[in-house]
Amino acid sequence: MTTAGGPLGGDRGLLPDLAGRRELIGGWAAITLIHYFVVEAMAMAVWQGNPGYDRRAHVISDLGAAHCGPFNGYEVCSPLNWLMNASFVLQGVAMVLGAVLLSSAVLSVAAESGARVIRPGMASPAAAVPWIAAGAVRVLVLVAGIGQAMVGLIPEDTDLALHLTGAGLYFIAGPLSLVILGLVWRGHTQMWGMVLLFGVVSLGATIYVLAVQLRVEEPGAIERTMAYPIILGLSLVGLVVAHRVTRERKAVRVVSRSSVQGTQPPRRTAG
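Under our numbering, the first residue of the sequence shown is numbered 29, with each subsequent residue one higher.
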């Protein structure tokens with residue numbers, strides 16, 4: 029599939045459809061992750077556990093605990109646990125949609141100011157690196173999305189082992205995807221540094237937690253250092269992609285209108 033302004037003649041190659049509807053949906057799916065902050069604030073506002081909810085002391089999953097009662101040294105009680113868990117699941121679904129709908133080719137050129145031709149044969153192994161790296165990003169986002177959905181479907185006080193497995197997938201695959209994509213986009217958009225920074229901060233916090241075997245004094249604070257950058261980073265990726273796709277769709281419409289007008293027969297004038 030090609031876009032407006034694609035290669036012509038002998039320079040024709042494999043060019044991703046940056047004006048496609050599925051690419052636009054994939055970009056907006058990533059942007060929707062930002063809804064999490066609203067849901068978290070709502071769940072914290074109605075917290076009934078003892079002591080009161082503290083972002084530094086309480087982990088995020090306490091807001092999704094299915095029952096009121098003692099858990100992990102606290103009295104947890106979250107009346108909006110269903111909303112918090114729904115948010116986890118929706119985030120997971122949005123990430124899976126983004127991974128499925130945004131092709132490797134689209135991710136590899138989405139930050140470019142102009143279209144890049146990707147030839148099936150690839151002139152050199154180096155030319156294929158961005159495309160392969162973007163493919164790895166898709167896989168990692170897919171894994172992270174599955175993990176986040178598991179967090180919502182299996183609250184911490186129902187099956188802690190499975191809950192932690194889902195969280196582990198999310199906290200490892202999520203930041204890795206941002207680090208790789210930030211490097212792929214380096215020099216092609218001003219946002220590459222932010223994407224990379226979000227990934228590095230989250231990945232660094234995750235490595236630290238694993239190194240100390242989950243024994244931290246303020247688990248809520250460190251977990252948010254792991255989680256917030258993933259949400260912000262992937263939302264930023266979705267914004268970059270959606271902006272590029274929207275621009276390409278406008279260009280296609282302009283070219284289509286010009287083509288239609290150009291095929292109209294000339295008006296006759298009196299002479």
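Since the hints were derived computationally from the structure, they do not count as laboratory data.
These numbers were taken from a predicted model, which means no experiment stands behind them.
Do not take every clue at face value.
Claimed, not checked - So the derived label-pair ranges between C-beta atoms look like this:
1) A161 / C96: 21 to 29 Å
2) G101 / I53: 38 to 46 Å
3) R281 / V74: 45 to 53 Å
4) R281 / N100: 53 to 61 Å
5) I53 / E245: 22 to 30 Å
6) I235 / R285: 33 to 41 Å
7) D82 / V282: 51 to 59 Å
8) R50 / Q241: 40 to 48 Å
9) A164 / C96: 36 to 44 Å
10) R285 / V244: 57 to 65 Å
11) G80 / I160: 44 to 52 Å
Even for Gly, the Cβ is constructed at its ideal location relative to N, Cα and C.
Taking the hints in turn, this is what the structure says about them:
| no. | hint | result |
| --- | --- | --- |
| 1 | A161 / C96: 21 to 29 Å | violated (46 Å) |
| 2 | G101 / I53: 38 to 46 Å | holds (43 Å) |
| 3 | R281 / V74: 45 to 53 Å | holds (46 Å) |
| 4 | R281 / N100: 53 to 61 Å | holds (55 Å) |
| 5 | I53 / E245: 22 to 30 Å | violated (42 Å) |
| 6 | I235 / R285: 33 to 41 Å | violated (53 Å) |
| 7 | D82 / V282: 51 to 59 Å | holds (54 Å) |
| 8 | R50 / Q241: 40 to 48 Å | holds (42 Å) |
| 9 | A164 / C96: 36 to 44 Å | holds (42 Å) |
| 10 | R285 / V244: 57 to 65 Å | holds (59 Å) |
| 11 | G80 / I160: 44 to 52 Å | holds (49 Å) |
Hint check: violations occur at hints 1, 5, 6; the rest are consistent with the structure.
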